[in-house]
Structure formats: C-alpha cells, structure tokens
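So the protein sequences, as listed, match chains S and R. Each residue of the first sequence is one higher than the last, beginning at 11 in the working numbering. Each residue of the second sequence is one higher than the last, beginning at 1341 in the working numbering.
Everything labelled a hint here was simulated from the structure, so no lab data went into it. Virtual Cβ for every residue (Gly too), placed ideally from N, Cα, C. Be aware that a few hints might be false.
To be clear about the criterion: a stretch of chain S counts as covered by chain R if any three or more of its residues have a C-beta under 8 Å from a C-beta of chain R, and this derived list gives those stretches [to be verified]: (1) 13-21; (2) 48-58.
Heads up, incomplete: computed chain R residues facing chain S, CB under 7 Å, no partners named [as the list claims (entries may be wrong)]: (3) Met1341; (4) Gly1368; (5) Ala1392; (6) Ile1438; (7) Arg1441; (8) Ala1521; (9) Asp1598; (10) Thr1602.
Listing some non-contacts, in silico: residues in chain S with all C-beta distances to chain R over 10 Å [what the hints assert, rightly or not]: (11) Ala119; (12) Arg125; (13) Gly161; (14) Arg162.
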Amino acid sequence: MRVSCTVNGRRVTADDVWEGESLLYVLRERLGLPGSKNACEQGECGSCSVYLDGTLVCACLVLAGQAEDRDLVTVEGIGSAESLHPVQAAFVEAGAVQCGFCTPGLIVATHDLLRRVPQPTTVQIREALAGNICRCTGYAKIIDAVHLAAGRMGAS
Amino acid sequence: MEFLQPASWPEALAMKAAHPEALPIAGGTDVMVEINFDRQRPATIIDLTRVADLNAWGMERGFLRIGAGVTYTRIIDELGERLPGLAMASRTVGSPQIRNRGTVGGNLGSASPAGDAHPPLLASNALVELASTSGSRRVPVREFYIGPKRNAMRKDELIAAFLVEPGKGPQQFSKVGTRNAMVIAVCSFAIALDSERRQVGTGIGSAAPTPVTAGEAETFMKAVLDEGRLWERPAPVASSALARFGELVAAAARPIDDVRGTAAYRTHALAVLARRSFTWAWDEYRRTAPA
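Chain R with its partners taken away, still in its complex shape (with noise of 0.2 Å):
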C-alpha cells in the first residue's frame, strides 16, 4: 500500500490524476473501516487532512461554500443558526469522537443511501464541487447520486466543497433508529422551507438505492400553501393535506427489507417522520413570520 500525503489541493490533484485508483482519506471513519476489516485493500490511499484549504469555509455570492474536509462537530458549533437542517443531521452523526473526523465531503464520497448529511443537502438544492487538475465543476447534489454507494464522480476528481445557500427558512431533519446515538438510519427525512421562493425541498435517506428526494410532496405542498395564501397569512396546513403529502413522500421511496427494518416499516415511518417534520418547520414558520 501506498500512502500519499499533500500538503496543498494542487498537490492532491496531482496525485489523484496520477493515481486515479487512489482512495481519498479525510476523518478516516468510512475508509478506516474497510481497511481495519480487509474489506478494502487500496493500493494507494491520499491523505487529505493536510490539505488548508478543505477545512475552511466562507460565502460565495449567496452561497456558503463549505470545504470537504469540514467536521460534524464544526457545522454544528459553527455553521448551526444558517444550516440548521444539515446541523440537526449532524448531531445524529455517530458520536462526539465520529463528529470530531467525519465531513460531509466523505458523506458525499461514501454516497450511502444511508449517509446522514444527504437528505438535508438534498431538501437545499446543494451543489457538490468536484476538482480536478483538468479544472473544477459544479454538481446539482440532486444529480450527484447514481447508485447504491455510487456517486457522479470522476476517477481523476476529488471532492472540493459543498456550497449550499444559508436556511431561507426553517429547516427539520428525523431519523429513525434503534438509539439516540451511534445509529445508522432505519430511514430518515429532511424538509427545508424557503420562504423566499416560497418553495418544499425534501430529502429521504436510508430507503432507495441513493437518497432522493420526493418531487411530488415538494409540488404538491407549495399548491397548499400557494392556493391558500398561507405563506402571507400563516395558518395550520389541514390535516388531509399532511396525510397526503406524507403518503407522497412514502410514494417517493424504494425501500427493501434489510437488517436494520423491513419495506413496509419504512414506508410507514417516512410517511410519519414527513408529515411531523412539515408540522414542525411549518409552526416554526408560523411563530417567526413577519405578521
């Protein structure tokens, strides 16, 4: 095995062109798993923790671009009040010790339908930048996942950023799992309210082959709340309308029976983690709109 270790992201691009079966390494807590548990056997691994510039973070025209190699731990400490859906995800991250080494950008390398950081980037129109030293380009996140642990990378590019816009309105995320803690989703939902567009982004993770998100709900919600003037004149959303927007996210999903729960739980649970997870950004919006 080989281990790379550049000290700057033209040097990581150098070698990953050189390298293109190299596997990226940034926290460790995907990629050191494979290793510990020969599951994996890269030839090459590049270390990426030595790289500045994907630990740092700042705004880009509306946008906040967020380096890779960006902890759990610091989304949520330091970015929480403008993501606060992808901060909720973040807390239900593993552990303290996970939070400290995970990044988004590995949630996005891994491309786990189970990954937590997902249905939040989904539920934010999120762009992924992939660099390479042929150039760098910008990936609708919507568009980034491709198949079970399969993402729109390729060979030769790494992993920049993630840029996504600050919340324009309140933001949920749920996950069920067997504990509190150190749990990987049963299923999970994110809801992401922009009251700009006046626009329903919707993130389902761990029940179809890639996170997805559920186009009909997001639709079907805005006419809601559209046709009612609700956005202007906040009001609770009726009751069959969250029955059916649950029933439409729940419609979204391709789960399986696996391990952790069956088909049919999980098409369930969404339909309830969607409905409660509206009702919650949808009071919170209610309280905090300007009157």
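The following block holds chain S by itself, in its conformation from the complex (with noise of 0.2 Å):
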C-alpha cells in the first residue's frame, strides 16, 4: 500500500508499505528517518518517540496506514546539527548523552514535556520521562538538561 503524510513539513510519500508495518519501520527504512530509534518494539523503551498531529507517541505502535494525511514531526524536526534545539543543546551541555541511543526519544518526550509544563519540577520530569529508558546515564544528567533547558527557554 502507499502512505502519505507530513514529516517534519514536507509532504511525503512511501510506496509498497506493508499493511501491517509500523510507522516507525516507515521512517526509518522508508522515508530514510533514521533518528527514531528501534529498541523494544512493543511501547516500551520511548527511543521511538514521535508526535503524531501534535500528540507524543511511540512509532511502533502506529500502524503505518494510520499516519495517512497525519502531520508528523521527528527529532530530524526539532533541530539540526548546524542548530541545536535548546533541549538538544542542554542535554549535550549536561553530558545526558552518553551511548546516545536512547536521546531522540528523550529530546522529542522533553521538547513535549517543556510545550506542556515549561517549568517543570523534578518530579513531574521523572513522570513525563518514565516511558524513555536510558541504560547508560543512570537519568540524574537526564533531568539536569531537563532543568537547564526549561530555564533557558524561561529566560529566552
């Protein structure tokens, strides 16, 4: 089958999609996406974090006909290497990266966290981010570039 939809605001269009394929395997293996990332496949890890028409959700449990004519945005849209997402830049500056598998998920769960709760305390960073899993960080560096990011776009 064929999809189109919006992917960080270009119209796109993916042909021979598997019917039963998720939308994150469109991303990635399809429309050449590859920041979300492909841990769990089951709901569980957020390294697949996407917002579908505005809502955060993981790709791989969207079934890819059901992005038909939805607007997506992944983590290639919240920034770019030349421009840093201030989210992207506070995790960087945190040193909340370390294998850095499981960071587009939390940068686009973060970017979600802040639209919705731009000073956020601790505990309502762990709460937004309990659904992104990271092996590495131990997450204290994680909620600190949390913290530091909202005060920069508090003050910006």
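Reconstruct the complex from the two isolated chains, following the hints.
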C-alpha cells in the first residue's frame, strides 16, 4: 500500500508499504529518517517517540496506514546539527548523552513536556520521561538537562 | 494483510460484518505489539481512528457515555473529577506516550485480566455498549469478561462505548508493580463508594482468569456501614471489620504463580490493597460527607 503524510513540514509518500508495518519502520527504512530509534517494538522504551498530529506517541505502535494524511514531527524536525534546539544543546552540555541511543526519544519527550509544563519540577520530569528508558546515564544528568533547558527556554 | 479504514461508524460496522475475523485497532498499544512480534498475523485489520463518534463522550440519562476511542490521557484530563477511580487507574497505564494512544475500548477488547481499566469499571458497575449492523446492546461489565483475554463480544460486533455513572462518592485504585510507571499489574484493586445507594463496589485485577469483583466483601462492608449507621454519622470503621474486608477480597481472587508474582503474594497483597483503599475512600467520605 501507499502511505502519504507530512513529516517535519514536508509532504512525503512511501510506496510498497506492508499493511502490518509500523510507522517507525516507514520512517526509518522507507523515508530515510533514522533519528527515531528501533529498540523494543512494544512501546516500553520510548526510543521511537515522535509527534503524531501534535501528540507524543511511540512510532512503533502506530500502524503505517494510521499515519495516512497525518502530520508527523520526528527528532530530525526539532533541531539540526547546525542549529540545535535548546533541549538538544542542554542534553549535550549536561552530559545527558552517553551511547546516545535513547537520546532522540528523550529529546522529543522533553520537548513535549516543556511545551505543556515550561518549568517542571523534578517529579514532573520523572513522570513525563517514565516511558523513555536509558541504560547508560542513570538519569541524573538527563534530569539536569531538562532543568537546564527549561531555565534557558523560560529566560529567552 | 488487508487494511480497512472506515470513515464513519456505520461503515465500520459494515466492514466488521463483512469481515468477522478482522482485528480492530485503535491506539495500537496491544495490537501492534502482537503484530511486531509476529504473534498474530490477522488477515484483515480495521483501523477505528478515523471514526469520530468513538472519540466523543457525553451525558446520557445519568450516565457518562464514553466513546471506545477516548484515550487514557483524555480520561485523566477531561473526566478525572467525575470518574476519579478510572482516572487513578488511567494514570498508572504505561507512560505518557502509551496513555496518549491507549483507550479503554482497547482494554475491553483485549480483556486481559491485567488491564488497568477493568477494576474501576467493575467497582462502578459500568456497561459496555456493543454494536453490529443488526443493532446495539449494553452488557454489564460484570458479565463482560468470560475467560482469559476473552469477552462477551460476538464476531460481528465492535465496542462502541462504555457507560458509567459519575462517581457518587469517593473512589480509589491501587496497583502493585515493580515500578511506578510502565508496569503491568502484579495485582490491583479498585473501590467505589456509592453514598446515594449506600453500596460498596469492588474490582480486582491480575489475580484471576478474568477481572473479578469481590461480592462477599461488598455485602459484608455494606452491612458494617448500614448497621453502624456510619453513612449518617461517619466514624472510623473498626480494624477487625477492615481486616475481614481484606480477607474477603483476597478470597474472591483466584491467582496463579507467574513471572510477575506468586499466588500467595497476590493473595496477601490484595488483602492489604483492599484494606488501604477502603480506608482512603472512607476517610475521604468522612471529610466530605454532609454533616
């Protein structure tokens, strides 16, 4: 089947999509957007977090056809290497990135949190990021990074 | 695999009638796991996310009628005050990403004994509205679960909505798991006090082949409250009665040993959850009951 949708502001089309395929597979393997990571494929790890019509979701749990005509934003749409989003810059500076595999999902989930709650408490951060698993950092520096980003975004 | 995407409820029912074996999908939090791991390879999938009717809720003759496609996030945000027990259970579902997609309709369709929505729906005597091209029917949720991951639906039916009265008294939900988030219940318990009918509703999750109620515990505690005239003059419930209530809840379960816990642990934990949950709810009643 053919799936057409808007990704990071661009209208895109994927052909020969298997009907049982996840949105994550479409993004990574058919649309050349490998930022969203494929780890657990069961919604447990958050590595594939993206926005679907402005809502934070796990792309691995969206059936490809469900994305037809929808508006998607992936980590590639949040910032670029040349122009990091303040959330991305804060993760780098705070040392919240080690192996980096969980980072794209955490960036999108943090972006969503700060949009809803611009100055979150540590408890609110832990709750909001509970579905994003990191096996390197122990989370302390991730939480530092969210506070850092919140402070800067609130000040600007 | 065939992918069907009805744009309206009548179209969805017609597709289900034509493809009785088709697997419905909404938020995908159960269905996609099955497909990603190749545990199920349905010949046909019906995507219900374009059916606007399923995303609506409203009042209908004293009941909240909530479309099967309303997500846990929306239940928390939009219905948290009227359905506090279901909202508490909803907050324990997965993570923000899962609550943004997962639906109570999906929980009912999957009918897992561990589904978090089931205990509060049982405690509040909810109804499940099932529909097909030949009409619709409302099944009490207490008759809806018929076996492990099996429910009372016919092959040609889809879940339209569930109906539940706005809380008529304090409600509580508690759940045992290894984390505060992203956890499937080892066991769970819901209680709903109905101060108008003077009834005590219960629901037990993850401790029997299906979600179940604790009927004897409900009857026992109703008698304690009635005989002590405690609804009129709210006072603490005797600790012996609380302990008996916990025992009766635990006795209503039929737990097994599995990877998440042993039957003995579940039985013990349920008695504790029941006693604590009732106490939290009753303390709230005592604080808020009209003098």
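Evaluated hints:
no., hint, verdict
1, 13-21, "violated (count 0)"
2, 48-58, "holds (count 5)"
3, Met1341, "holds (4 Å)"
4, Gly1368, "holds (4 Å)"
5, Ala1392, "violated (14 Å)"
6, Ile1438, "holds (6 Å)"
7, Arg1441, "holds (5 Å)"
8, Ala1521, "holds (3 Å)"
9, Asp1598, "violated (18 Å)"
10, Thr1602, "violated (24 Å)"
11, Ala119, "violated (7 Å)"
12, Arg125, "holds (12 Å)"
13, Gly161, "holds (22 Å)"
14, Arg162, "holds (23 Å)"
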